[in-house]
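**Student:** Based on the provided sequences and hints, a complete structural model is requested.
Order-wise, the sequence lines are chains A and C.
Residues in the first sequence are numbered consecutively from 217, following this note's numbering.
Residues in the second sequence are numbered consecutively from 217, following this note's numbering.
Source of the hints: derived by calculation from the structure; they are not laboratory data.
A hint or two may mislead.
A pair counts as met if it fits within one copy or between any two copies, since identical chains are not told apart.
Claimed, not checked - List time: in silico SDA-like cross-link candidates among lysine to any residue, alpha-carbon distance up to 20 angstroms: (1) 240 <-> 338; (2) 276 <-> 339; (3) 358 <-> 404; (4) 367 <-> 378; (5) 276 <-> 338; (6) 282 <-> 343; (7) 301 <-> 376; (8) 358 <-> 417.
Listed below, chain by chain, are the residues.
There are 2 protein chains.
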Amino acid sequence: MSEVSCTPNVGRPRAFDMNTALEKALEVFWRKGYDGTSLSDLTEAMGINKPSLYAAFGNKEQLFLKAIELYESRPCSFFLPALEKPTAYQVAEHMLYGAALNMADQAHPQGCVVVQGALSCSEAAATVKEALLNRRVEGEQKLRARFEQAKLDGDLPASADAETLARYLGTVLQGMAIQANNGATSEQLRQVAEMTLQAFPR
Amino acid sequence: MSEVSCTPNVGRPRAFDMNTALEKALEVFWRKGYDGTSLSDLTEAMGINKPSLYAAFGNKEQLFLKAIELYESRPCSFFLPALEKPTAYQVAEHMLYGAALNMADQAHPQGCVVVQGALSCSEAAATVKEALLNRRVEGEQKLRARFEQAKLDGDLPASADAETLARYLGTVLQGMAIQANNGATSEQLRQVAEMTLQAFPR
DNA sequence: AGGGTTATTTACCGTCTAGTACAAATTTAT
DNA sequence: ATAAATTTGTACTAGACGGTAAATAACCCT
Numbered sequence: 217m218s219e220v221s222c223t224p225n226v227g228r229p230r231a232f233d234m235n236t237a238l239e240k241a242l243e244v245f246w247r248k249g250y251d252g253t254s255l256s257d258l259t260e261a262m263g264i265n266k267p268s269l270y271a272a273f274g275n276k277e278q279l280f281l282k283a284i285e286l287y288e289s290r291p292c293s294f295f296l297p298a299l300e301k302p303t304a305y306q307v308a309e310h311m312l313y314g315a316a317l318n319m320a321d322q323a324h325p326q327g328c329v330v331v332q333g334a335l336s337c338s339e340a341a342a343t344v345k346e347a348l349l350n351r352r353v354e355g356e357q358k359l360r361a362r363f364e365q366a367k368l369d370g371d372l373p374a375s376a377d378a379e380t381l382a383r384y385l386g387t388v389l390q391g392m393a394i395q396a397n398n399g400a401t402s403e404q405l406r407q408v409a410e411m412t413l414q415a416f417p418r
Numbered sequence: 217m218s219e220v221s222c223t224p225n226v227g228r229p230r231a232f233d234m235n236t237a238l239e240k241a242l243e244v245f246w247r248k249g250y251d252g253t254s255l256s257d258l259t260e261a262m263g264i265n266k267p268s269l270y271a272a273f274g275n276k277e278q279l280f281l282k283a284i285e286l287y288e289s290r291p292c293s294f295f296l297p298a299l300e301k302p303t304a305y306q307v308a309e310h311m312l313y314g315a316a317l318n319m320a321d322q323a324h325p326q327g328c329v330v331v332q333g334a335l336s337c338s339e340a341a342a343t344v345k346e347a348l349l350n351r352r353v354e355g356e357q358k359l360r361a362r363f364e365q366a367k368l369d370g371d372l373p374a375s376a377d378a379e380t381l382a383r384y385l386g387t388v389l390q391g392m393a394i395q396a397n398n399g400a401t402s403e404q405l406r407q408v409a410e411m412t413l414q415a416f417p418r
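**Tutor:** Below you can see the structure in the form of structure tokens.
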């Protein structure tokens, strides 16, 4: 049988932890964007040399994509948990308040790497730009599907437009990412969340 | 008396129009961001060589800042005109509908260069990043001042929170820039504008 | 102890980057 | 005509970029 472990038991063991190195890479990409991040930035932050980076993660592009995967699977991620709230209103509520808390959190760079990692960028970043764009669009599609379900469940009126509700919420969430970059605090974003919810049917 | 014209009447005349060249530069920066734009990208789009660019605009950073000035003074700019509408609600209305039309306009890159020109970027872009951040914050301050005035005018209730209203509007406007990058149409953004206005006191 | 395997280090590659020196070209003023 | 002023095109610089070759080091298994 073939062994599928990612840490083989032969050869010299890796001197660094891949996950913490990936966290460091994520932080740099988050702060500087894909184009603005150099390999020197990465190796310095990750505490490894270039050949180690390439052996472990492929290249800059693949490293970025893996960092984004990590980002979305982190325990402090709020998007997927919010989707599971029992009513559409509670989904919106948890998503907005979660974003308010998370995006201005000083424990990491402000905003959202999926929004600001490769928004306007060089041709060299085309692949990662598209990957991020897809994530944003898919997030909104998940919101929409959740609101369609809410209409079936009866906690949204049958007249509600799930697609527009999802896009409205997506717009505010993405706008909050910019606000956090502008220096807005969690409390200020919470107030925006509150206003946003006033337009939301309950 | 000293002549202050920018086109001196001695020496070889400039073979290109500075304003149209600046428009071309703006378009590239808008599409690729500051870090993602190379001097080759610029000279190619502007149809001039590097020494001409440096002689006319200083360097990459100064060229970017001049392109942003041009951007904000363009006739299709909607921000300042909307501020002059007679009531707070009409200000919000014109700003949101103007943004919906403008940001998804296929006649130029999608979104807003003030939002996406240098959001996450290298240290080399620190100056332009800060310049854009200041413009975003100042825009919101202008909105806030306009809403304070509206409270005095009586077209906003005295209980209204001008700062939060301005931040809410700013958040949606900046979110619309991301939405336009996501491929949202003007019609879809118009629907978001409509929802946004439902939370706005009138 | 030795062979196989993998990671690490150092040094390097070609290409692209922002920015410039310089000479030729084109204008106005005398 | 000629001098002064300015732009233009060509060619160049020094350094940073993403990425890699090759030798050495550290581990497991027999």
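**Student:** Honestly, which of those hints from before does the structure not fit?
**Tutor:** none
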